[in-house]
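Chain order of the listed sequences is A and B. In terms of the working numbering, the first sequence has 188 at position 188, counting the first letter as 1, and numbering is strictly consecutive. For the working numbering, count along the second sequence from 1 and bump the result up by 349.
Watch out, some of these pointers could steer you wrong.
Stated by the list, open to error - List time: in silico DSS-like cross-link candidates among lysine-lysine, alpha-carbon distance up to 27 Å: (1) K655(B) - K271(A); (2) K655(B) - K272(A); (3) K621(B) - K272(A); (4) K621(B) - K655(B); (5) K620(B) - K655(B); (6) K620(B) - K271(A); (7) K306(A) - K272(A); (8) K271(A) - K306(A).
Bear in mind the hints are in silico, worked out from the structure with no lab data behind them.
There are 2 protein chains.
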Amino acid sequence: MSRMILLTEGMSNPAEAKTATGLLRYRGEEVAAVYDSACAGRTAGEVLGVGGAIPFVDSLDGIEADTLVMGIATAGGELPGSWRAIIRDALRGGMKILNGLHTFIADDPEFAPLAAEHGGELIDVRRPPADLVVSSNEARNTACFRVHTVGHDCGVGKMLTALELMAALRERGHTAEFLATGQTGIMISGGGIPIDAVVSDFVAGAAEQLVLENRDKDFVLIEGQGSLVHPLYSGVTLGLLHGCAPQAMVMGFDPTRTTIRHSEQAMPPLKKVIELYESMANVMCPSRVVAVAANTSSLDEAAAQKLLAALRDNLGLPAADVVRFGCEPIVDAVLEERLRLSEGSSQGG
Amino acid sequence: MSRMILLTEGMSNPAEAKTATGLLRYRGEEVAAVYDSACAGRTAGEVLGVGGAIPFVDSLDGIEADTLVMGIATAGGELPGSWRAIIRDALRGGMKILNGLHTFIADDPEFAPLAAEHGGELIDVRRPPADLVVSSNEARNTACFRVHTVGHDCGVGKMLTALELMAALRERGHTAEFLATGQTGIMISGGGIPIDAVVSDFVAGAAEQLVLENRDKDFVLIEGQGSLVHPLYSGVTLGLLHGCAPQAMVMGFDPTRTTIRHSEQAMPPLKKVIELYESMANVMCPSRVVAVAANTSSLDEAAAQKLLAALRDNLGLPAADVVRFGCEPIVDAVLEERLRLSEGSSQGG
Chain A
1 MSRMILLTEG
11 MSNPAEAKTA
21 TGLLRYRGEE
31 VAAVYDSACA
41 GRTAGEVLGV
51 GGAIPFVDSL
61 DGIEADTLVM
71 GIATAGGELP
81 GSWRAIIRDA
91 LRGGMKILNG
101 LHTFIADDPE
111 FAPLAAEHGG
121 ELIDVRRPPA
131 DLVVSSNEAR
141 NTACFRVHTV
151 GHDCGVGKML
161 TALELMAALR
171 ERGHTAEFLA
181 TGQTGIMISG
191 GGIPIDAVVS
201 DFVAGAAEQL
211 VLENRDKDFV
221 LIEGQGSLVH
231 PLYSGVTLGL
241 LHGCAPQAMV
251 MGFDPTRTTI
261 RHSEQAMPPL
271 KKVIELYESM
281 ANVMCPSRVV
291 AVAANTSSLD
301 EAAAQKLLAA
311 LRDNLGLPAA
321 DVVRFGCEPI
331 VDAVLEERLR
341 LSEGSSQGG
Chain B
350 MSRMILLTEG
360 MSNPAEAKTA
370 TGLLRYRGEE
380 VAAVYDSACA
390 GRTAGEVLGV
400 GGAIPFVDSL
410 DGIEADTLVM
420 GIATAGGELP
430 GSWRAIIRDA
440 LRGGMKILNG
450 LHTFIADDPE
460 FAPLAAEHGG
470 ELIDVRRPPA
480 DLVVSSNEAR
490 NTACFRVHTV
500 GHDCGVGKML
510 TALELMAALR
520 ERGHTAEFLA
530 TGQTGIMISG
540 GGIPIDAVVS
550 DFVAGAAEQL
560 VLENRDKDFV
570 LIEGQGSLVH
580 PLYSGVTLGL
590 LHGCAPQAMV
600 MGFDPTRTTI
610 RHSEQAMPPL
620 KKVIELYESM
630 ANVMCPSRVV
640 AVAANTSSLD
650 EAAAQKLLAA
660 LRDNLGLPAA
670 DVVRFGCEPI
680 VDAVLEERLR
690 LSEGSSQGG
């Protein structure tokens, strides 16, 4: 088991420190500290809403850890210039660097010799496999039930929903696998492909490959990326959607998004977004949005319940906040959809 | 001016030899020969329907040329193994190799030393610029009128339509630029970005960059790629569509496509495809399909005219075969749409 320090220097907010919060939630027992000098002395739970008493620090000194993790996911994925000194210190201490940004640290002319000299390691999880190919349009023919967590925006809980669904389905006795498509999901699960770093011609092929490798499972939970209505990332989203050919989608939703993140564009109504996803997914195979996974963390409990009720009424779909109230309604919806589709196909319709 | 030999060995059909046919059509005066031993002795016009008397050959010997062009665009973009010997011969003769496949010849351990030894050159036009970034969602705010040639499938004439529209708009006194997004368009125009070779996160940014660099023009004609309903390439298509944020789209159509190329998937009705493009484009800015550019080469003249009339009736849109009958109806539709949108915006609605 590794001992990690999560680096979020200058960026300790839930939007930018997405990788840190994901690791705190799912591999918290391996996290020794979070590094941001502006927050030193406070705890991860206080600053990021997850991670309990794990401390924020402003130095690597005296912390028992072997790995420094780049804890952010910025638009464009560049390494902040001010972080270089911290990374150099970690390398001089023999630490391993775990990086999910588009900037590859293993190619860095300063870091590579330092790692070699002090026995460290430079790991870029966003470097895609070299042997990817175009899709053969085979995912839609697999027998596993393919569930894709999508969203109306970035950072609305697509990864988290997929991880929670996997756990819940396993608890009910099914075989289920989380298929990571982003840096944080890969760091959490130890597998997957960083789909937004793949050459665009091969995105659908990469998604297909993940499904084909797991076709023996009862369920695969494919982590979504971006949004079909996101002006910066929609192509990634559609390539992934068509490559994994889901039969069921779970729609991630954050009620605070009046504009699309990293843009000034107005957010379309959720009903419209669902229609777009279903239209585009149905190009590949019959596919519906079966539930909404809402992030209600901006609301008190009463307002959260009211929002979920309104979503159910307006959309005619189960709605849940998987972190706050559990994912049971969504699991039920997925199982019902599988039953419905299998009955349809056994009747020849 | 270069003298080119186009290599299409074993693949001299219009679907695979797309790069060769594009160069024969738009840079035919620079083409000395087409290389395919199966067709030697015949002419480009006979075999590929374009290029007139330019001969097919089965050897490089005795042909005055300085450049060997990889004349195909295969699914996946790999270099056929049997071509290696021909490339080695060309390099030993000091020729330049112009390549648009995903396989980069400049990185080839065998070719690079041969090129160095004999003074040749290895040019990979599908290698994207190194400095691409995510989109800033700015294309939609440019004053140039953005026309995007899209399609219901690959290889239905999107590049050709954009090139013909550019020429026709210039003839009518407008400034207009063709923005190449694929290997053949880049070879023809000498500029552009190979969008399907770009890291998926940067596709919209690359398309945006092409528009921003040409924002001073009256019109930009952005070459489309793939299709929104193409299971292999739809992500490329959507990233490009959102990145260039067109106000008008021209829909490429080939009536012979009952299934989508490189797949066994049924082709949806054209009306449905148009609806999907308009729904997805409108996420970014108001945008309509204003005309259909049909490839009627499979039909005799009477059947072609009948098809165009049926398209007009069924879709309520102008329809033309730009190669066979000229692109005037499409140019008129583009100009009308620009007028309509400018009148709408000057009325504040």
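Going down the list of hints, with the structure as the test:
1. K655(B) - K271(A): Cα-Cα ~40 Å, so violated.
2. K655(B) - K272(A): violated, 37 Å
3. K621(B) - K272(A): holds, 17 Å
4. K621(B) - K655(B): holds, 21 Å
5. K620(B) - K655(B): With a Cα-Cα distance of about 18 Å, the restraint between K620(B) and K655(B) holds, given a limit of 27 Å.
6. K620(B) - K271(A): holds, 23 Å
7. K306(A) - K272(A): Answer holds: K306(A) to K272(A) is near 21 Å, not above 27 Å.
8. K271(A) - K306(A): Since the Cα atoms of K271(A) and K306(A) sit roughly 18 Å apart, the hinted pair holds (cutoff 27 Å).
When each numbered hint is compared with the structure, violations occur for hints 1, 2.
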